[in-house]
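> Given chain P, put chain V in place with the hints provided.
So the sequences go chain by chain: P and V.
The opening position of the first sequence corresponds to residue 1 in the UniProt record's numbering, with each subsequent residue numbered one higher.
The opening position of the second sequence corresponds to residue 1 in the UniProt record's numbering, with each subsequent residue numbered one higher.
Keep in mind that the hints are not guaranteed to be accurate.
Computed footprint of chain V on chain P; a stretch qualifies when at least three of its residues, placed anywhere within it, have a C-beta under 8 Å from a C-beta of chain V [claimed, not checked]:
#1 56-62
#2 82-92
#3 144-150
Distance ranges between label pairs, derived from CB positions [unchecked claim]:
#4 V:R254 x P:A41: 33 to 41 Å
#5 P:A6 x V:R173: 52 to 60 Å
#6 P:R13 x V:A90: 32 to 40 Å
#7 V:D243 x P:Q139: 44 to 52 Å
#8 P:P96 x V:P241: 45 to 53 Å
#9 V:T237 x P:A150: 52 to 60 Å
#10 V:R173 x P:G106: 27 to 35 Å
#11 P:P165 x V:C48: 33 to 41 Å
Please keep in mind that the hints were generated in silico from the structure rather than gathered at the bench.
All C-beta atoms in this analysis are idealised placements derived from N, C-alpha and C, irrespective of residue type, glycine included.
Given next are the chains, with one letter for each unit.
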Amino acid sequence: MPGEVALDESAARAVLQRVLDPELPLLSVVELGIVRECRVAADGEVEVVLTPTYSGCPATEAIAEAVELALLGAGAPRVALHWRLQPAWTTDWIGPAARETLRRHGIAPPSGAAAVEDGAAARPLRLHRRDVACPRCGQAGAERLSAFGATACKALYRCLGCREPFEYFKPI
Amino acid sequence: MDGDTITRLPAATDGAGAAPAWDATTLPYLLRLGDACLVHAQRLAEWCGHAPVLEEDIALTNLALDQLGQARALLSLAGRCEGRGRDEDALAYQRGEAEFLNPSLLELPHTPPGDSAPCFGRTLLRGFLWASFAQALYRRLADSRDPALAGIAARALKECRYHAEHCADWVVRLGDGTAESQRRMQAALEDLWPYTAELFEDDAVDRAVAAAGLGPAWAELRPAWLASVEPVLREATLRMPPDTPFRSHGRRGRHTEAMGLLLAEMQSLARAFPGAVW
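Next up, chain V with everything else stripped away, as it sits in the complex:
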């Protein structure tokens, strides 16, 4: 962040002066996580004013707020890593679809395929799958050799724990609920599950970052993630779908058709009024 006015946050100065071990693989690694938080925040915020009950309206927008805060910190760091003077806003509002590196899971709409209305249970299930993953990732990133990344992770970890608990509560309540809620949750799980495979795809970016001690390869996190997810799905009486060969590729910039529409809405103001500030 540029710090030109006092209403802008000054950049965190943890480890200022220490040369981080950044290389060409660090930027995509940071963007994958930062974009995931941003896109998840955007989706969660779509429930604002539309959630089934007031308490959940507040809950989902609070989850969105935390995710947006994490995205801001991570994208600011990514901007510094990139070194081309782009701040969090430039990265959020002035990139095209193929430059976003979030896993496809998080960009999928709330409305199930073939349905006409958003499904609250599907949103909470995705929130649970992601928060469980984020917890496993942040737990490891809290030990990153990069002090700024470690600081962001240590704080985000506690928030994601609360998110995971809140979402898990609903997954169990709806999964082990009425016949209709159980049917919807099982359908949501079967639709979303194939997209979780992408989270654990191994590639050169992850391997290089892991070797540099900046963060874990996401593939390493699968056992910890499954250990969090399995007991909750079991308690929710949901059947874990079998793994399939399907792979999404959001982390490499190849998105589902939902992504363009999401960005069109998220970026519309910034594109209509370039340089607009509050």
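The following block holds chain P by itself, in its conformation from the complex:
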């Protein structure tokens, strides 16, 4: 049909559902909660509002590029990308299905609600979460091996039951 836009909003969202995070290629940018808004203008331009994760996340620019290329590749004539910093990204935006995906891939999902600041001062020696459940055997209680893991968003733990090391997605 002449004048029909190349990509409607639901198609654009479906494209974004397939854009994977470069450092967690099992989750899409939508599942991670990075995509805040997606609109298609009358002239077909797709406007996407993203919220960046960590300040130092080295994947931020790669994500922006991947989103733009995916939409252009799917037929969008133009893409307008915007970053929104407020409210700040939180692991609470990772939905239940995505958490299950993380667990299935051996990464313990972030536990508890992270968005609320408890206001408590630094608590030395009692810092490490021990309520992290092993993504393999499911046993609660694990020891932390390293505060930082292969990427900025993860820490390294070891299950005290099955003794398997695993990555833990830190709640922020």
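Chain V only, in chain P's frame:
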């Protein structure tokens, strides 16, 4: 950021259109914090490949990465505030020593005075003192009237909380450790402590920014900072040194001798190859 290629980050559009209440005092206020993050990141990154254990090598470079990310956001904002077309890179790589406004505490080398090797405990202690301060500052900046600054702060706050916890863990472990580790940590505390006084010096920039509702005067943050720092130092069996009349002046562009060497290394590539990009 200029957004000329898709690999560059587009500027955050929070509050676009709303006229921020920026005036001549806003730029130095933003640079003090942005430069602090940048210089701290540069120092932390010096441990890359040299930390005592692999886990800490990764930890320190991750802290550096977060600090660098915060510096990028803050310097980009400072560039917009300045209005002369300078982006984060121009501000990081093309300013001279006297134009940097970071507190002197963060530029000091890892090697203690009179010593010949970097001290890991000293780095972690400084990281703890700074992250505790940054938490207090970002908590207040998250309520800034400037939406872009509030957005940067809300995100950075969570990162600094993790930094403070990680560093505090080490401060206690080393302070309340062996006789030798305790001695080194106490020496580091006595050397670094006088430089913390600068963080809470009151001046016209802070007063104007506080009056405009953009952010707190740093002097207001001392009670919150002490409340975070004191219990950890106590648990680490470290004696808090008495306050002295010594004042450093990095926030006003007067730096220690370490700063020129730090900048020479940080800016060498940008100065040797002007306009170089990845």
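> Taking the hints in turn, state whether each one holds.
Against the structure, the hints:
1. 56-62: Contact hint for the region 56-62 of chain P vs chain V: holds, 5 residues under 8 Å.
2. 82-92: holds (count 9)
3. 144-150: Per the Cβ count (5), the hint holds.
4. V:R254 x P:A41: 33 to 41 Å: violated (52 Å)
5. P:A6 x V:R173: 52 to 60 Å: holds (59 Å)
6. P:R13 x V:A90: 32 to 40 Å: Holds, since R13 (chain P) and A90 (chain V) (Cβ atoms, about 38 Å apart) stay within the stated range.
7. V:D243 x P:Q139: 44 to 52 Å: Distance hint for D243 (chain V), Q139 (chain P) holds at roughly 50 Å.
8. P:P96 x V:P241: 45 to 53 Å: Taking Cβ atoms as reference, P96 (chain P) and P241 (chain V) lie about 51 Å apart, which means the hint holds.
9. V:T237 x P:A150: 52 to 60 Å: violated (35 Å)
10. V:R173 x P:G106: 27 to 35 Å: About 29 Å separates the Cβ atoms of R173 (chain V) and G106 (chain P), which means 27 to 35 Å holds.
11. P:P165 x V:C48: 33 to 41 Å: Hint violated: Cβ distance 23 Å, outside 33 to 41 Å.
Hint compliance for this structure: hints 4, 9 and 11 are broken, all remaining hints hold.
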